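Sequences listed follow chains A and B, in order.
The numbering used here applies: residue 1 is where the first sequence begins, and numbers increase by one.
The numbering used here applies: residue 1 is where the second sequence begins, and numbers increase by one.
No lab work stands behind these hints: they were computed from the structure.
From a predicted model like this one, the values you see are computed outputs, not experimental measurements.
Don't take every hint at face value.
[To be verified] Computed spacing ranges between beta-carbons, pair by pair:
1. B:5 x A:403: 38 to 46 Å
2. B:5 x A:406: 35 to 43 Å
3. B:5 x A:116: 56 to 64 Å
4. B:24 x A:499: 16 to 24 Å
5. A:301 x B:25: 22 to 30 Å
6. B:25 x A:380: 42 to 50 Å
7. A:426 x B:9: 48 to 56 Å
[Unchecked claim] Stretch by stretch, here's where chain A covers chain B in the computed footprint (C-beta under 8 Å, at least three residues):
8. 16-28
9. 35-48
Think of the CB as a built atom: it goes at the ideal place given N, C-alpha and C, for glycine as much as any other residue.
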Amino acid sequence: MHSTDSHTKQSSVESHAEFNPQVESLLVRAHSLAAFATLLIAVCFGILVSLQFVFPESLGAFPSWGRMRYAHTQGIMLGWLGNAFLAFMYHAVPVLSGRPVTSRTLGLCLFAIWNFAVMIPGWILVLSGFSQPLEWAEFPLPVDVVIVAGFILAAVQFLPGFFKQGFENLYVSSWYIIGGLVFTLLSFPMGNIVPELVPGAAGAAFSGLWIHDAVGLFVTPMALAILYYVVPASTGKPIYSHFLSMLGFWGLFFLYPLNGIHHYIYSAIPMAAQLTAIVASFLLGLVVIIVVSNLLLSQRGFGLIPKNIALRFASMGVVFYLVVSLQGSMQADMSFSSLVHFTDFIIGHSHLAMLGFATFAGIAGIIHAWQRLPGFSLDAKILDWSYYLLVFGIWLMVLDLTLAGFVQGALWQDAAPWIDSVRASAPYWAVRSLSAIPVTLGFGLLFYGLLSSRTASATDQAVSTSGNEQNQSDTTAKGAIGSIGLSPALRMSYVAAFVCGIGFFVLSVSILGVIPLQSLQDETALLAPTASLALSPAQERGRVIYAREGCAYCHTQQVRYTESDMRRFGAPSLAWEGRQDTPHMLGTRRIGPDLARASGTRTDQWHLAHLYAPRTVVPLSVMPGYPELFEGSADRPGREALDLLAYIESLGRERELAWPEGDERARALTDDERALMSLTAEVLNAHPGRTRPLGLAPALPSGELQGSDNSGLGMQLFRDNCSGCHGDSGEGDGPASSLLSPPPVAFTEHRYRRDLLAEILWNGIHGASMPAWRDLPLEELAALADVVDSFSLVDAASTTSTLLAAGQSVYETNCAECHGDDGGGNGFAAQNLPIPIMPTDFTRERLSEAAALRALREGVAGTSMAPWGDRLNAQEMTAAVHYVRSLYREQIGDD
Amino acid sequence: MISNLIVFSSLLMAGWFTLQYLLKPGLRERVEQPKFAFLRQLSMYDMQTGAGAKSASEDRHELNDDQDQLGLQVNNSSGETK
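Chain B with its partners taken away, still in its complex shape:
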């Protein structure tokens, strides 16, 4: 009984959150914001300290075309949501 309650209330919460996420573009952007902000903080940290330069240069060998979109996404993350 209680286990059913837990399971269904969990699913209900997850379902409700998913529905909100899908139906409301504004919420979508807000929920996704931290991942861009985090990347920006990483970049700022790496650039301003010079730390991780070696690692970053390694990564760049591997970046594919998606990387181009990254710049756009990161820029977008700096306050101006799409």
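Just chain A, same shape as in the assembly:
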């Protein structure tokens, strides 16, 4: 501890320090206006993205959904917040450091680089299909290089003044600015480049670090720098406690980097890394409570809605910060994560962080700086209106998405059909889109407020200032910095803490990135099949298309170690399954189902119809169509459609082919609890819904489907899941019917025995487009079976013994080799048909006379049933039809 004498002496020396806070007004204005311009563009992308969920057919004229999604998030983070933070720093850094920024020319270069070499090319590139499928890192690598250059220039521009001032004198906002710039420079390359080099779950670990560092080490420090600046500047009072603010600062920089893996809880990433992230997330919640308490105590006496508009935005920013941070800690809890992860809860959370907390802080900073520009005054009414519109819109959006997340999570955990979660989400998605109205109006008003704020008298001043840099600008003031004598011990402790902070960052990358990488590589070497099934060139091209169109943003590729995931998608993903995925496609959101085991769950034609016009096969789907991959129709796929199809069909195939033959060997090799859990899961290898050839299909648990008395439920299920192919009335004339071969069955012309119907619903028809519906509960399958039964207009066979005798003769000569001697669809040739669709089992399926005659005469497209019209005469065909119709047995065991 220093004596008062030495302290006074030091203060005396410092009192002569020059206070020269020359603010570059031009750069404040330029970055503020660029911020709002990019914000409105990014919001427009967001609105279009959200409208896809409400009007899925209406966005054909725009770039694909995934590309706009990339443009939306990068626009918000780099365009809006990047420019807003730069605008604020051009005002705040000279005041905080008492010195001007390094150079106006450098500032103009930085402005040009940030907006004309990052934002505009970045947007053009992602909209043109050049991107990275990595959350918060979607701009392609060449743009990333320019962004790093931008951050280096920003560090050169803003940091020297602080270093000259001395660490011990730094106010907390200065610390946050230094920390934000230094740590972003460290974490940005790690998050944007390493996942391009490291495959699968290990790459996801690095990606997860960046997802959190983007928010925690770039956005949050800058936003907190603004809040700690604007609050005392607006109240005229010092903050409640500088000590608490520094505690929060170090807590944030120590703990935030350790949070990243909490985006991949229950994944293949080693559990030790997951637990580290979970613990750090809880601790971070405590740090946030300290920061928020300090900020709220600093505003005592100014009410919930302060008159000062900058303070008002800052206050609401603090509230947003508290809520979003507590949400973050909660989401790291494993049981809560298993409920809300991949749902809209997360989307609400990210909007609360970026559009709530960070945006309100950014607006507060811009308003504060703008109010101090010479000759510029803002219209209070405009700002008032924008505040209330934004508060209303953002809370509406966040509450709506939070509720949607709970609903989706509950339905997934209840094993409800996937499409139920889409239908249940529809009203929430509509409200989310509507909430964009007040939000956009609010931002528009703010932008208008800035544009219209220039006064006549100010114009001359501004021109004069911008025209002559050497001329002391109107915002320059000179004076002495208040003397602050602080001990070298404190200075050293701050330096040590800063070095520790960087050490913690390196440690976080080691613990949550490098060590998991090593561990995952070891696990892969141990458990992976010895023969690797590399992607073919077509599959590789398809993967690029999948990444380009943002498919991973709606379809995850990771089956988590949770009961609901395993029941729905199969055994949990092992590390080696992603060994060829660079960059990884694990994903963080499920609008549609997980695709880690997509292979074999649908036919090629189904996929092509789905890609071309999704609602033809899934009426309630909100997926965008990709007709640009086709040559005019779904049955004319272009090369890109075929490549994408090849990639989808490759997903999960290696695991399926490697196991269960290898599961015993793998079990013997590992004692890892979670790997064993995957290897001993009830449903191994493939998607539980995969259709399989006869004999390999799993049996229906209860043997057969009982009758159901819930016809309303059955009809709804039919409309939601079946009508796209089979038509609303079961006549086989749904919108997808013309795209599928064999065509969907017209139920009006068929009657199925109950056990066959149950088998088909449970297992699908292997080789045809009829998928397995094992994700429907048995009660619902029973209701669906009742509906199919009710469509049938097929009557009992009325015939003569003469016809039957003639028909039997024709049948035995021409049909029995495939359909079997007894008509059971099990003839000796059935197992070796060129198309693996089993012949009709006439004992359990009766066709109408007309349908049977048509099939006999013309054959059945897409099956091995050939046309017999040129080989049998009319009498023979009629006799054969009468015979096969007579084979039908209403009950098992009927003769």
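Use these hints to put chain B onto chain A, whose structure you have.
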């Protein structure tokens, strides 16, 4: 293991800093100094440029009795610690 080390070393550092802060009034004053200095720099900036006058006048409508203490605190911050 490593995560425990990190967590406990972080808590230890924070605890040590808090203890020092509570036990040593001199350190307390030094740690708190920047907030007063910052306010003074703001005032100097606003006064000498005339910028923010409108905003500042708005604020003053809202200031309560705490504001009176502010003057004392700001004055104190100009080198003469309490």
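Hint check:
no. : hint                     : in the structure
1   : B:5 x A:403: 38 to 46 Å  : holds (40 Å)
2   : B:5 x A:406: 35 to 43 Å  : holds (37 Å)
3   : B:5 x A:116: 56 to 64 Å  : violated (46 Å)
4   : B:24 x A:499: 16 to 24 Å : holds (23 Å)
5   : A:301 x B:25: 22 to 30 Å : holds (27 Å)
6   : B:25 x A:380: 42 to 50 Å : holds (44 Å)
7   : A:426 x B:9: 48 to 56 Å  : holds (50 Å)
8   : 16-28                    : holds (count 7)
9   : 35-48                    : holds (count 13)
Violated hint: 3 only; the structure is consistent with all others.
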